[in-house]
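Spelled out from the first residue to the last, the chains are:
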Amino acid sequence: MPVANLEWFLLIGAFLFATGVFTILTRKNAVSVLMGVELVLNSANINLVAFSRFVRSPATLGPTSIEFPLQGEAAHHVYGAAWIGGNVFAAFVIILAAAEAAVALAIILGIYRNLGDVDVDEVTAMKG
Amino acid sequence: MIAALGIRLGDPAAYVFLAFAAMTCGSALIVAASRNIVYSAYALLLTFFGVAGLYAFLDADFIAAAQLLVYVGGILVLILFGVMLTHKIRDINLSNETTNPIIGAAIAGFIFLALAYVSIYTKWDVVERTASPTTGEIGKAFVGKYLLPFEASSVLLLGALIGAAYLARREKEKP
Amino acid sequence: MGRGNRPVVKGDKAIRFWDIAVVIGVFAVVMQIVPLLVWAERRISALIQDRVGPNRVGPFGLFQPLADAIKLLFKEDVIPDGADRFLFVLAPALAFFPAAMTATVIPFGAPMLIGGEMLQLQVCRGNVGMMLFMALTGLSVYGIAFGGWASNNKYAMLGSLRASAQVLSYEIAMGIALVSVFMTSQSVDLNTIVADQTGTWMGFVPKWNVLKQPLAFVIFFIAAFAETNRLPFDLAECEAELVGGYHTEYSSMKFSLFFLAEYAAMFSSCCMITTLFLGGWSFPGMPAGETGKLFSLLTVAVFFTKVAVLLFFFIVVRWTLPRFRFDQLMHLGWKTLIPLGLANIAATGVAAQL
Numbered sequence: 000m001p002v003a004n005l006e007w008f009l010l011i012g013a014f015l016f017a018t019g020v021f022t023i024l025t026r027k028n029a030v031s032v033l034m035g036v037e038l039v040l041n042s043a044n045i046n047l048v049a050f051s052r053f054v055r056s057p058a059t060l061g062p063t064s065i066e067f068p069l070q071g072e073a074a075h076h077v078y079g080a081a082w083i084g085g086n087v088f089a090a091f092v093i094i095l096a097a098a099e100a101a102v103a104l105a106i107i108l109g110i111y112r113n114l115g116d117v118d119v120d121e122v123t124a125m126k127g
Numbered sequence: 000m001i002a003a004l005g006i007r008l009g010d011p012a013a014y015v016f017l018a019f020a021a022m023t024c025g026s027a028l029i030v031a032a033s034r035n036i037v038y039s040a041y042a043l044l045l046t047f048f049g050v051a052g053l054y055a056f057l058d059a060d061f062i063a064a065a066q067l068l069v070y071v072g073g074i075l076v077l078i079l080f081g082v083m084l085t086h087k088i089r090d091i092n093l094s095n096e097t098t099n100p101i102i103g104a105a106i107a108g109f110i111f112l113a114l115a116y117v118s119i120y121t122k123w124d125v126v127e128r129t130a131s132p133t134t135g136e137i138g139k140a141f142v143g144k145y146l147l148p149f150e151a152s153s154v155l156l157l158g159a160l161i162g163a164a165y166l167a168r169r170e171k172e173k174p
Numbered sequence: 000m001g002r003g004n005r006p007v008v009k010g011d012k013a014i015r016f017w018d019i020a021v022v023i024g025v026f027a028v029v030m031q032i033v034p035l036l037v038w039a040e041r042r043i044s045a046l047i048q049d050r051v052g053p054n055r056v057g058p059f060g061l062f063q064p065l066a067d068a069i070k071l072l073f074k075e076d077v078i079p080d081g082a083d084r085f086l087f088v089l090a091p092a093l094a095f096f097p098a099a100m101t102a103t104v105i106p107f108g109a110p111m112l113i114g115g116e117m118l119q120l121q122v123c124r125g126n127v128g129m130m131l132f133m134a135l136t137g138l139s140v141y142g143i144a145f146g147g148w149a150s151n152n153k154y155a156m157l158g159s160l161r162a163s164a165q166v167l168s169y170e171i172a173m174g175i176a177l178v179s180v181f182m183t184s185q186s187v188d189l190n191t192i193v194a195d196q197t198g199t200w201m202g203f204v205p206k207w208n209v210l211k212q213p214l215a216f217v218i219f220f221i222a223a224f225a226e227t228n229r230l231p232f233d234l235a236e237c238e239a240e241l242v243g244g245y246h247t248e249y250s251s252m253k254f255s256l257f258f259l260a261e262y263a264a265m266f267s268s269c270c271m272i273t274t275l276f277l278g279g280w281s282f283p284g285m286p287a288g289e290t291g292k293l294f295s296l297l298t299v300a301v302f303f304t305k306v307a308v309l310l311f312f313f314i315v316v317r318w319t320l321p322r323f324r325f326d327q328l329m330h331l332g333w334k335t336l337i338p339l340g341l342a343n344i345a346a347t348g349v350a351a352q353l
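Protein chains in written order, with numbering that gives the first Met the number 0: chain A, 0 to 127; chain B, 0 to 174; chain C, 0 to 353.
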């Protein structure tokens, strides 16, 4: 088992989440707000991976919208072990974070071009 | 006493873990509090590094490498671009104001305390498991159980790529 | 990374003496190769330009880098007015650290049997080595970006922005080229990729990936030039337009760290190309399953011979080709290499199904 217990990772995740929320709430610069969002996503990822590592996973694949021909141990060999779920979700979060950062920065650059500033308080009009 | 802390202090790796944890949390504080946005970006680099280290301690080798590859190698570079392109080059005093820090700190502190309470006082169903490489399992899960979300996320990435390119493009002069 | 990924060997303890020896050995090799490369670059450029080159200090001028280092150390260390002191000092270290780290994922030779235990001649084992390599090459942006910004200089800033865009773009092409290699070798583990390239066709043609995946090789090779900021892609420093690019304001040892980082990155890239495409430490006609110490050292020698040839090519290219324009660079990356790489993946998949 890892050197530290599950609670350590959860507490670090909670701390990152809190700092991320603080950043989002108090910053005026849009790029800074984006950094806060990344902190929050990272904290969620720590939790996902920690639960994946420590917590008992369901024995079967569980109810999904897709019918899997195999169940139980055989299914784990073909579709991937059940405990890996947290890792897979963390990978999805990383994928989404990449997409989110790209679009957010494109928007921030657009705002900067139109307003000459990236202060989120100044962005009040819906029309460009 | 030491067992109650939930960390094996006899193992030298425990101190490496503590160093990574301190680095993650400390640099996250700098991200939240620094007056200079470039320092925030640099601190975020350390945070991402620390989180990657924590993943390694959770035996999630693939996620740790992906964290380094995507967050450190990709997202943070984009953020740095954002910082550099939205400021004048000679603008030393980069604006990174903090508004209402007291209310923000109160909300963030409340959230942290609530999460910490839940983390510590919940009886987690912890199970002993020996570490095993995750890359192959994640690969199988991507093309097995999670095939549909996997394909959907690839479409999303394509959409984000096109959308970002369209948004960031300089508009042509209207005739 | 995690302890679970270490190959299971007899009596595997967390830390062993020989493992540490490998770590120190790899670090020493990287540190020693860099001055040698600087010397080789100067000699070869002199050869190309019909000059003599440094030949005064030591035999063939081999100690010239030492003299250079002493000279640089004693130069005045200027930190410009208005620079951000903390990041200005930090940036050279940030540039050098990932460049020196990338060599850790490379398997330098065949595993050696020492005291009844298999010793892998590789620091960072396990199957995420390739991703780590990609991540660390991406990291080299930060030294350049922070250095350029902290200098408080227009040219440095422009150079650093160029470098970031360039490294980011070519990393995609590099990754796509890698995927087709993974598909041919059916593994992401560098040791397996090397093992997959042993053996020959018709008795003499080695089964190297450069023959199985020529297009991926070309893409990876071009991308490696761009990632290491070497001519013809050295837009980041580009003396003609940007004075000196991101290290305009740097002097003394800080400048030389940037300089060393470039050469260390070049060395690691050549090691990676050798491992992925040129059969790594294997050579045609190699006995299978051999674990002797002498044999292992022989494979290390083979590996470094291949790397030396590649490094020679890198240097010759730098002194023969003119520099690209920045828009040409971006076009080459996004409109040529990436679509070609994607087509290559599709073709590899089809070929695998036939």
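It is possible that part of the hints are untrue.
Beta-carbon label-pair distances, calculated as ranges [said to hold, decoys possible]: (1) B/Cys-24 - A/Gly-109: 49 to 55 Å; (2) B/Leu-160 - C/Thr-319: 32 to 38 Å; (3) C/Phe-16 - B/Asp-10: 47 to 53 Å; (4) A/Val-122 - B/Arg-168: 18 to 24 Å; (5) C/Leu-61 - B/Gly-162: 30 to 36 Å; (6) C/Trp-333 - B/Glu-150: 20 to 26 Å; (7) C/Ala-92 - A/Asp-118: 30 to 36 Å; (8) A/Val-122 - C/Pro-213: 46 to 52 Å; (9) C/Trp-200 - B/Gly-158: 43 to 49 Å.
FYI, nobody ran anything at the bench for these hints, they're computed from the structure.
None of the values given here were measured: they were computed from a predicted structure.
Positions of the beta carbon are idealized from the N, C-alpha and C atoms, including for glycine.
Evaluated hints:
1. Evaluation of the 49 to 55 Å hint for B/Cys-24 and A/Gly-109 yields a failure: the beta carbon distance comes to about 34 Å.
2. At roughly 36 Å, the beta-carbon separation of B/Leu-160 and C/Thr-319 lies within the given 32 to 38 Å, and the hint holds.
3. Separation of C/Phe-16 from B/Asp-10 is about 19 Å and departs from the stated range, judged on CB atoms against 47 to 53 Å.
4. Evaluation of the 18 to 24 Å hint for A/Val-122 and B/Arg-168 yields a pass: the beta carbon distance comes to about 20 Å.
5. Range check, C/Leu-61 to B/Gly-162: about 56 Å between beta-carbon atoms, so the 30 to 36 Å window is missed.
6. In this structure, C/Trp-333 and B/Glu-150 meet the distance hint of 20 to 26 Å, their C-beta atoms being roughly 24 Å apart.
7. Roughly 34 Å separates the CB atoms of C/Ala-92 and A/Asp-118, a value that falls within the hinted 30 to 36 Å.
8. Taking 46 to 52 Å as the suggested C-beta distance range, the pair A/Val-122 and C/Pro-213 conforms, at roughly 51 Å.
9. Distance hint check for C/Trp-200 and B/Gly-158: the Cβ-Cβ separation is about 44 Å, which falls inside the suggested range of 43 to 49 Å.
Hints 1, 3 and 5 from the earlier list are contradicted by this structure; the remaining hints agree with it.
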